[in-house]
Amino acid sequence: QKEVEQDPGPLSVPEGAIVSLNCTYSNSAFQYFMWYRQYSRKGPELLMYTYSSGNKEDGRFTAQVDKSSKYISLFIRDSQPSDSATYLCAKTGKLIFGQGTTLQVKP
Amino acid sequence: SAVISQKPSRDICQRGTSLTIQCQVDSQVTMMFWYRQQPGQSLTLIATANQGSEATYESGFVIDKFPISRPNLTFSTLTVSNMSPEDSSIYLCSVVAASSGNTIYFGEGSWLTVV
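Sequences listed follow chains A and B, in order.
Our numbering puts the first residue of the first sequence at 2, with every later residue one more than the last.
Our numbering puts the first residue of the second sequence at 4, with every later residue one more than the last.
Treat the hints as calculated values from the structure; they're not laboratory data.
All figures in this text were calculated on a predicted structure; none of them were measured in a lab.
One should not assume that every hint holds.
[Unchecked claim] Which stretches of chain A does chain B cover? Using the computed rule of at least three CB atoms under 8 Å from a CB of chain B, they are:
1) 15-27
2) 64-76
[Said to hold, decoys possible] Below are the SDA-like pairs computed for lysine to any residue, each with C-alpha atoms no more than 25 Å apart in a straight line:
3) Lys68/A <-> Gln81/A
4) Lys10/B <-> Leu47/A
5) Lys43/A <-> Ser4/B
6) Lys43/A <-> Val118/B
[Said to hold, decoys possible] Examples of chain A residues toward chain B, derived with CB under 8 Å:
7) Tyr50
8) Leu89
9) Lys95
Idealized CB from N, CA, C, for every residue including glycine.
With these hints in hand, go ahead and build the complete structure from the sequences.
Dropping the structure here:
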């Protein structure tokens, strides 16, 4: 089993939809969880990070961690075409990435 | 935050040759990493670049194929040796920025195509 599992998609939604991106992890050691966004032909860009269970909001983005079920989620409200990218979840110490979910938001 | 510059940004290389990728950070950082992202895939950690000592390689990666240098706290190089088409990939440098709550930042990547 991989340490971080993520559905690669692709995921296609209409503009304005709420997007839910999910990952599961297998190692319960204390760690940070991160979400990165990667546009085509660009390096990953950090969106959010969190280390505690519960929700963390930043604008249209909400990161959620459920340590009891080892589940991490990223919600995007009012999705825009500019949100079309690959979203990668990751956990620290060494940064271990999920496979990435490709999101397309159609206008 | 940390600003990371990678060179070259892209290159086309001949089979059997070697290429060195440079990573320059605008501030001193304790930890630097090298990742590979093969076409359509996620990022895979190659090694941790240790300042003043040998790099720590992940399973499946060896020093002879991917020698790494880190002479100081702002600079590192990754060499891809004896390249084959299977080495065609994006190579990314990343750093931990203690000044930003240990956030991990990435460079824009070096896009290598081996022909």
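Next on the checklist: Lys10/B and Leu47/A were given as a pair; does the straight-line alpha-carbon distance stay at or below 25 Å?
Outcome noted: Within the cut-off at roughly 21 Å; holds.
Checklist entry - Taking the least C-beta to C-beta distance, is Leu89/A closer than 8 Å to chain B? => result OK, holds: Leu89/A within 8 Å of chain B, min 6 Å.
Item to check | 25 Å Cα cutoff - pair Lys68/A, Gln81/A | outcome: violated, 30 Å
Checklist entry - Do the numbers back the hint for Tyr50/A, that is, is its least Cβ distance to chain B under 8 Å? => result Since the shortest Cβ distance to chain B is 7 Å, the answer is holds.
Next on the checklist: For the segment 64-76 of chain A, count the residues whose Cβ lies under 8 Å from any Cβ of chain B; is that count three or more?
Outcome noted: violated (count 0)
Next on the checklist: Next item in the hint list is Lys95/A. Is there a CB on chain B closer than 8 Å to its CB?
Outcome noted: holds, 6 Å
Item to check | Distance restraint between Lys43/A and Ser4/B, which requires alpha-carbon spacing of 25 Å or less | outcome: With Cα atoms ~18 Å apart, Lys43/A and Ser4/B stay inside 25 Å; holds.
Next on the checklist: At least three residues with a C-beta closer than 8 Å to a C-beta of chain B: is that true for the segment 15-27 of chain A?
Outcome noted: Violated - the segment 15-27 of chain A has 0 residues with a Cβ nearer than 8 Å to chain B, which falls short of three.
Checklist entry - Taking only the CA atoms, is the gap from Lys43/A to Val118/B under or equal to 25 Å? => result holds, 22 Å
Taken one by one, the earlier hints fail for this structure at numbers 1, 2 and 3, listed in ascending order.
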